[in-house]
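Residues per chain are reported as follows:
There are 2 protein chains.
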Amino acid sequence: MAQLKQERAEQTRRTLLLAAAEVFDESGYAGASITRILKRAGVTAGALYFHFGSKEGLAKAVMVEQGEHLELPGGPDGLQRLVYITLYLARQLQVDPVLRGGVRLAVEQGEFGLQDDEAYQGWIQVFDEQLLAARSHGELAHDALVDEVSWLLVGSFTGMQLFSQITTHRADLPARIRMLWRYLLPSVASPQIKRSIVIDDAPSAEQSA
Amino acid sequence: MAQLKQERAEQTRRTLLLAAAEVFDESGYAGASITRILKRAGVTAGALYFHFGSKEGLAKAVMVEQGEHLELPGGPDGLQRLVYITLYLARQLQVDPVLRGGVRLAVEQGEFGLQDDEAYQGWIQVFDEQLLAARSHGELAHDALVDEVSWLLVGSFTGMQLFSQITTHRADLPARIRMLWRYLLPSVASPQIKRSIVIDDAPSAEQSA
Chain F
619 MAQLKQERAE QTRRTLLLAA AEVFDESGYA GASITRILKR AGVTAGALYF HFGSKEGLAK
679 AVMVEQGEHL ELPGGPDGLQ RLVYITLYLA RQLQVDPVLR GGVRLAVEQG EFGLQDDEAY
739 QGWIQVFDEQ LLAARSHGEL AHDALVDEVS WLLVGSFTGM QLFSQITTHR ADLPARIRML
799 WRYLLPSVAS PQIKRSIVID DAPSAEQSA
Chain D
619 MAQLKQERAE QTRRTLLLAA AEVFDESGYA GASITRILKR AGVTAGALYF HFGSKEGLAK
679 AVMVEQGEHL ELPGGPDGLQ RLVYITLYLA RQLQVDPVLR GGVRLAVEQG EFGLQDDEAY
739 QGWIQVFDEQ LLAARSHGEL AHDALVDEVS WLLVGSFTGM QLFSQITTHR ADLPARIRML
799 WRYLLPSVAS PQIKRSIVID DAPSAEQSA
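Protein chains in written order, with the numbering used here: chain F, 619 to 827; chain D, 619 to 827.
There's no promise every hint is true.
[Claimed, not checked] Here are the computed lysine to any residue pairs in the SDA-like style, where the Cα-Cα straight-line distance is at most 20 Å:
#1 K812(F) <-> P804(D)
#2 K812(F) <-> D761(D)
#3 K812(D) <-> F730(F)
#4 K673(D) <-> F730(F)
#5 K678(D) <-> F730(D)
Please keep in mind that the hints were generated in silico from the structure rather than gathered at the bench.
Generate the whole structure from the sequences, applying the supplied hints.
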């Protein structure tokens with residue numbers, strides 16, 4: 619019984635998070651009324667305050683958990699997987715309301731009084747993991763530093779998706795991220811691996827199986 | 619007489635723009651009350667509506683005119699001047715309220731219902747000018763394209779200054795922009811010029827005189 623209750627509570631929390639992400643993505647923080655989020659989720663105000671405490675708490679959760687539901691492309695860790703992950707994120711930003719809502723709040727958070735880098739640091743960790751594997755496999759150029767490259771990727775990606783959003787509603791984002799890699803790879807990849815990195819989407823599961 | 623009147627009007631407009639940029643930089647769009655802007659500027663509400671029409675009109679002007687007062691580093695057009703300009707912007711973002719206010723609004727504009735790329739396109743033009751000169755002087759790598767590099771710089775710079783703002787109040791921004799150039803230059807600069815580009819602030823006017 620207790621477990622069933624907990625599962626239901628977890629389900630309600632996910633429903634709320636998804637509804638909130640959608641509304642934040644459409645209308646930003648100020649434009650997202652609690653009434654609209656509750657109506658979209660089909661839950662009570664009590665559930666929102668129980669799980670998130672406040673609208674700001676809900677927004678923080680959307681920001682920080684923006685990537686937790688994603689199924690990042692698999693394959694061996696390293697530079698190739700890192701390229702696949704960034705291109706996957708570019709495509710998800712075109713269609714995934716939770717990621718879009720979280721990224722929008724992370725970018726616009728100054729407007730509702732936050733200065734919270736947790737969402738950014740989450741991506742730094744994801745990228746670091748691939749870069750450390752790349753380093754240990756001899757895939758990184760001698761003077762490319764893991765900390766620098768992951769910072770550069772998170773910073774550049776953040777601005778590029780914003781610029782792409784403002785100019786083309788992110789229609790050109792995958793092409794822009796491929797472009798970023800074309801310019802960065804000569805400095806980041808070791809001479810041995812440079813030519814073998816594919817700057818494109820990961821092969822689909824069927825193809826790679 | 620008519621000219622004096624026009625000069626006074628222009629002065630009032632500048633005073634308002636500066637005061638608004640300061641308040642937007644401190645508090646964002648929603649947090650910047652018209653009352654506070656008028657008090658800071660020491661002008662009447664009538665002047666604000668005469669020059670800008672509305673708070674949104676004022677915000678648009680701050681966004682679009684964010685760089686018009688800047689004295690960009692001089693010197694011959696080309697890749698070196700482009701590097702100097704980006705490092706100058708990194709330093710100005712630490713101290714210049716008009717640039718800071720304009721950039722903040724351009725990043726957070728979604729929160730107040732805008733999707734306006736004019737401020738971004740202004741920087742594209744500035745960067746294009748230097749890259750076209752670089753191209754005509756043989757300073758660009760064979761496969762570096764002017765349109766791509768300027769887009770990449772504007773997109774990356776936008777996100778890097780935001781990430782730097784959230785993590786260090788932009789204390790590390792100049793170092794981050796130097797880092798960006800270290801990684802980009804091998805793909806952007808022609809082999810002939812690569813080693814001669816100085817990735818640092820422009821020499822001061824006294825030094826270069």
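Okay, the hints, checked on the actual structure:
1. For the hint linking K812(F) to P804(D), the alpha-carbon distance of about 14 Å falls within 20 Å, and the restraint holds.
2. A C-alpha spacing of about 16 Å is found between K812(F) and D761(D), which places the hinted pair at or below 20 Å, so the restraint holds.
3. Between K812(D) and F730(F) the CA atoms are separated by roughly 44 Å; this puts the pair beyond 20 Å, and the hint is violated.
4. Distance hint between K673(D) and F730(F) is fulfilled; the C-alpha atoms sit about 18 Å from each other, no more than 20 Å.
5. Between K678(D) and F730(D) the CA atoms are separated by roughly 11 Å; this keeps the pair inside 20 Å, and the hint holds.
In this structure, only the earlier hint numbered 3 is contradicted, and the remaining ones agree with it.
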